[in-house]
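A.B. asks: Sequence:
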Amino acid sequence: MKKIKKGINLLLVALIFSASIITFNACSSDDSITIIAEEEAEEEVIDDTDFDATDWTTATHSNDADPDFDEVFEDNAVKRLDIVITEDRWQSMLDDMTETYGTFGSGGGGPGGLIDTDEDPIFVPAEVFHNGIEWYRVGVRFKGNSSLQTSWQNGILKLAFKLDFDEFEDDYPQIDNQRFYGFKKISLKNNFDDQSFLREKLAGDVFRNAGLVGSHTAFYTLYIDHGDGPVYFGLYTMVEEVDDTVLDTQYSDDDGNLYKPDGDAASFAAGTYDEDEYVKKNNEDEADFSDVQSLLDILHDDSRTTDVATWRTNLEAVFDTDVFLKYLAANTVIQNWDTYGIMTHNYYLYNNPETNKLTWIPWDNNEALQFGKMGGSLPLDFSGLNDSEWPLIGYLYQDSVYKAQYDSYVQEIVDGPFETSYIQALYTSYSSLIETYATSEIEGKTFLNSSADFYQAIATLNQHAVNRATAVSGYLD
580 MKKIKKGINL LLVALIFSAS IITFNACSSD DSITIIAEEE AEEEVIDDTD FDATDWTTAT
640 HSNDADPDFD EVFEDNAVKR LDIVITEDRW QSMLDDMTET YGTFGSGGGG PGGLIDTDED
700 PIFVPAEVFH NGIEWYRVGV RFKGNSSLQT SWQNGILKLA FKLDFDEFED DYPQIDNQRF
760 YGFKKISLKN NFDDQSFLRE KLAGDVFRNA GLVGSHTAFY TLYIDHGDGP VYFGLYTMVE
820 EVDDTVLDTQ YSDDDGNLYK PDGDAASFAA GTYDEDEYVK KNNEDEADFS DVQSLLDILH
880 DDSRTTDVAT WRTNLEAVFD TDVFLKYLAA NTVIQNWDTY GIMTHNYYLY NNPETNKLTW
940 IPWDNNEALQ FGKMGGSLPL DFSGLNDSEW PLIGYLYQDS VYKAQYDSYV QEIVDGPFET
1000 SYIQALYTSY SSLIETYATS EIEGKTFLNS SADFYQAIAT LNQHAVNRAT AVSGYLD
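Residues in the sequence shown are numbered from 580 upward in steps of one, following this note's numbering.
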């Protein structure tokens, strides 16, 4: 259709050009061409701001509506999301990726095969459709770090996305404070390196079922139309954003400092303090980092070895040790290597105004429920861990009071949200739910080599649950 339209425009230009020569033969050739070019440009320009948000309702689009978790994060359904984006805007996203990470499918990269960058991919406006309803000029960008560039360099276009529903409200007044059933932002995780498609969701379920704060998740099929009709991009896991509704709905007050540490400072090792690496997700203008500074100072205070009771009291005044120990137990039982203890990222810290304590929030769980990479997940007794490099684990586990608390949570996790028969039943239920969508992903937009990979991955998860119950039994005995 676009080629036909372009051809018609060229024909009109030719006719106009001929007429202009006859009618305005007194004009110079250059003047005639200028007039024609201006007329053609006027025909081609489309006023992108001239639209009516006809599907807008309070429940679906307004920030006056409470987040509708039942609609957006339904556990027992696979829902569909469509993104419609102009060909030029899609190309600009790809060009931006090429500029940052090199040619698509090149397999390149910097040291270790990855390129170090602090720049996020660009946002562009696109239309989003769900349940036959349209959301307008939604900000859409690719998201991720190592998973993003690894997929790109390997020529797999099933990339993760971030959607911000009022990112472009300054350009389009019609979408002021636009929401998606009460949600401003959502992530669409591409289940990178997870042939079961279940790890992001199931690990999140374990944390939340253990009583920890964490993101809701749900399965979605994603279709993208970037000029030639909708194309199936695969089965995704939608994840609730921590700096959006998690704070607002799971804490009594969402005004505290929220950090997403990334880099050496995220280890809280002595001498690593760096405000640039305690990445603030809110309250940026206040530039107050005294809470993370206090945690670092108290964690390494001499009282840890000279007066441990005082050390615990001071630590618990600034850091919710109970939440951290429960998280640590859950994270270690299920095995999750791509976070604190091995990697200096993939968690949030929130200064809860109700307690004035920094509290731990898990994030990015697609690498969980397996032994993992980088030397593998930490053992239940943390043998081999360098305590000074990872003091939030090492120093707390060395303390007899905190170790006893951690051990009790290990038992609680394996008896509850990760009890073998319970978690295996979830594997069966979820795998049956997503099977058709997972095994029908298309070449170039999937991490599966064949459908057999999916079934083998589910079998591996079931065996992993048995193995972890055995490991916990051995550890506690």
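Among the hints, a few may not be true.
[As the list claims (entries may be wrong)] Derived DSS-like pairs: lysine-lysine, alpha-carbon spacing no greater than 25 Å straight-line:
hint	residue 1	residue 2
1	K952	K658
2	K952	K860
3	K763	K658
4	K722	K741
5	K952	K839
6	K722	K1024
Since the hints were made in silico from the structure, they are not lab data.
Small disclaimer: the values here were computed from a predicted structure and weren't measured.
A.B. asks: Compare the structure with each hint and give your call.
C.D. replies: Hints, verified against the model:
For a cut-off of 25 Å, the pair hint linking K952 to K658 is broken: about 32 Å separates their Cα positions. For the hint linking K952 to K860, the alpha-carbon distance of about 29 Å lies beyond 25 Å, and the restraint is violated. This hinted pair checks out: K763 and K658 have alpha carbons roughly 19 Å apart, not beyond 25 Å. Simply put, K722 and K741 have alpha-carbon atoms about 6 Å apart, close enough for the 25 Å limit, and the pair holds.
About 22 Å separates the Cα atoms of K952 and K839, which keeps this hinted pair within 25 Å; it holds. Simply put, K722 and K1024 have alpha-carbon atoms about 16 Å apart, close enough for the 25 Å limit, and the pair holds.
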